[in-house]
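> Got chain A sorted already, so can you dock chain B onto it with the hints?
Protein chains: 2
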Amino acid sequence: MKTVNIAILGLGTVGGGTYQILQMNRELIEKRTGRTFEVTKVLELRKDRALELGLREDQICSDIEQIVCAEDVDIVVEALGGIDMPTDFMLKAMEHGKSVVTPNKAAVAANYDKLKAAAEKNGVSFRFEASVGGGIPALTAIQEALAGNEFTEVMGIVNGTTNYILTKMTDLGLKYEDVLKDAQEKGFAEKDPTADVEGIDVANKLSILMTLCFDKYVKPTEIPREGITKITMEDIEAARAKGCKIKLIASAKKVGDDVEYSVGPKLIPNEHPLAGVSNEFNAIYVTGNAVDELMFYGKGAGALPTGSAVVGDIIAIGKTL
Amino acid sequence: MKTVNIAILGLGTVGGGTYQILQMNRELIEKRTGRTFEVTKVLELRKDRALELGLREDQICSDIEQIVCAEDVDIVVEALGGIDMPTDFMLKAMEHGKSVVTPNKAAVAANYDKLKAAAEKNGVSFRFEASVGGGIPALTAIQEALAGNEFTEVMGIVNGTTNYILTKMTDLGLKYEDVLKDAQEKGFAEKDPTADVEGIDVANKLSILMTLCFDKYVKPTEIPREGITKITMEDIEAARAKGCKIKLIASAKKVGDDVEYSVGPKLIPNEHPLAGVSNEFNAIYVTGNAVDELMFYGKGAGALPTGSAVVGDIIAIGKTL
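Residue numbers (this note's numbering), protein chains in the order written: chain A, 1 to 321; chain B, 1 to 321.
There could be a bad hint or two in this list.
It does not matter which identical chain is used: a pair holds within one copy or between any two.
Claimed, not checked - Dumping the calculated DSS-like pairs for lysine-lysine here, alpha-carbon to alpha-carbon at most 25 angstroms:
hint: 1; residue 1: Lys242; residue 2: Lys175
hint: 2; residue 1: Lys319; residue 2: Lys216
hint: 3; residue 1: Lys230; residue 2: Lys191
hint: 4; residue 1: Lys319; residue 2: Lys116
hint: 5; residue 1: Lys92; residue 2: Lys47
hint: 6; residue 1: Lys121; residue 2: Lys319
hint: 7; residue 1: Lys121; residue 2: Lys219
hint: 8; residue 1: Lys175; residue 2: Lys230
hint: 9; residue 1: Lys266; residue 2: Lys242
hint: 10; residue 1: Lys266; residue 2: Lys230
hint: 11; residue 1: Lys92; residue 2: Lys121
hint: 12; residue 1: Lys31; residue 2: Lys121
hint: 13; residue 1: Lys116; residue 2: Lys254
To be clear, the hints were calculated from the coordinates, so they are not data collected in a lab.
If we strip away everything but chain A, and leave its shape as in the complex, we get:
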């Protein structure tokens, strides 16, 4: 059986989840693909974390060169987070002939052109299914199974933290500040929640969705953006009176040859499929000129759901090796 060798950069939530899935479902994946997927190296400064997950000491690297120059690495999974350093690492990996998989929406959104060009130049694969909607396999569907469509609109609830906050405000009549505090205590929201509640994370994801749906790259910083911090109970009640829910929506729409796009709270009618997407769940809603309306729904975060998308990308590449 052919062996596909993998290096994981960063054993945080997603990197760790990816490693776990490859162990947990090893036999099943071998049976389905006719290939063995081995994690041969990891880049991780917390040796304890790596050992705890079951890696051997000799697999733990602390220098990216040890990974990009290694012969026993076919695919590099970048799961470090951040923008500049991980982008450099991904480019370096591709220059050394390694394919790259990443869940890092900030890096993909900021440097899509550069990363895509490097993959083409070096004849390697570059996949990032996990960067939007966590485990939801929408990006692959948009690029592959739906490739016969001209897309006319894409809308998404693509941030679990803000969707959780808005759901609790709507269902329990609680104030923004109180729900945020509760979410922080439960670990659903970061101590510094800015990237989530101000829509920065959502803008990164919309940038990626627009690139794939409309072949139009817009820097996330250039996307008009409003967060949820100013939403009051009065707003929620006013929406309810109109038969709507307030959701933080990433939206892009073809208007003639142009694309209109924005991130912000929107009134979604209760009958719309996106209105039923509650708590930490995410959904991506696309309209194509052949398929019409389509929605993908699932968990947008978490070690195993997001790891599922990374492993899907690893398998897709592995099958071509």
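Just chain B now, kept in the frame of chain A:
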């Protein structure tokens, strides 16, 4: 640019929709794939229908041999409907080295093993995304992007006619017989609705879903099955009182090493994502041990939505040629 040559067997709803999409989105598909997709031949006894769609007289065949023996056919799209004859045609096409795409759930469900084996033996592709859920790209996702998961459950609302009837009964308080009559007048239900309302069509689709999710092939005729013909207003009201909706559900679940499966009306709690799937819409809901809960929602029928799935399969095969 490489040309991929296609023959379409049957220019009914789906065959015609497939042809339309390949014309309508020709440039876009060429740009995305670097390939030209040409319909070189059709098998269609209604010459008028073929000419009306824009085909030339010399492209219209009335004998399968003209297609399977043709050199200018790489992919055969079987969209005739029925079981035995289309299965024979697909096997014949594969024996002649052609890849096959079909939306024909009855033929795939009845003869999955034979068709799959023929594809492997002849080194060709066999794809059937459109056979379950029309335009919804769930089958490809289950086999590819989600290949890192052990699936534990799959549930589906996979018949638009019955979902339309149940929705109208629930929302408008109408009786089964009255809604069925109305649906037949509007063309949403067949004159003989047996295959839909008795769950036969749903059993075909569940057989396909189980094969892909659990690697377990069960003949559709061996799936325990109940339709919706006996559902009364009292049932609907009793469900409502419990905070539920009645939906015709295809369901299969891992229980230990075994799989439990059935087709029949089920109470779905209003909070469950499947409860919001109304009218003619379909949804497939899967649970994997990594990705957790996932739902795919969209149009389960219609020329262009179902054609979208066929074209997705054509493109996937075309890229490998």
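> All hints, please: hold or fail.
For each hint, the structure was consulted:
1. Lys242 with Lys175: The answer is within: 20 angstroms in one copy meets 25 angstroms, while 30 angstroms across copies does not.
2. Lys319 with Lys216: Between copies, since 23 angstroms is at most 25 angstroms while 29 angstroms is not.
3. Lys230 with Lys191: within (19 angstroms within a copy, 55 angstroms between copies)
4. Lys319 with Lys116: both (20 angstroms within a copy, 19 angstroms between copies)
5. Lys92 with Lys47: within (24 angstroms within a copy, 58 angstroms between copies)
6. Lys121 with Lys319: both (21 angstroms within a copy, 19 angstroms between copies)
7. Lys121 with Lys219: Within one copy only: 22 angstroms inside a chain, 48 angstroms across chains, cut-off 25 angstroms.
8. Lys175 with Lys230: within (11 angstroms within a copy, 47 angstroms between copies)
9. Lys266 with Lys242: within (13 angstroms within a copy, 31 angstroms between copies)
10. Lys266 with Lys230: Cα proximity of Lys266 and Lys230: one copy only (13 angstroms, versus 42 angstroms across).
11. Lys92 with Lys121: Within one copy only: 12 angstroms inside, 41 angstroms across.
12. Lys31 with Lys121: Close across copies (19 angstroms), not inside one copy (33 angstroms); limit 25 angstroms.
13. Lys116 with Lys254: For Lys116 and Lys254, the Cα distance is within 25 angstroms only inside one copy (24 angstroms; across copies 40 angstroms).
Consistency with the previously given hints is maintained throughout, with no hint failing.
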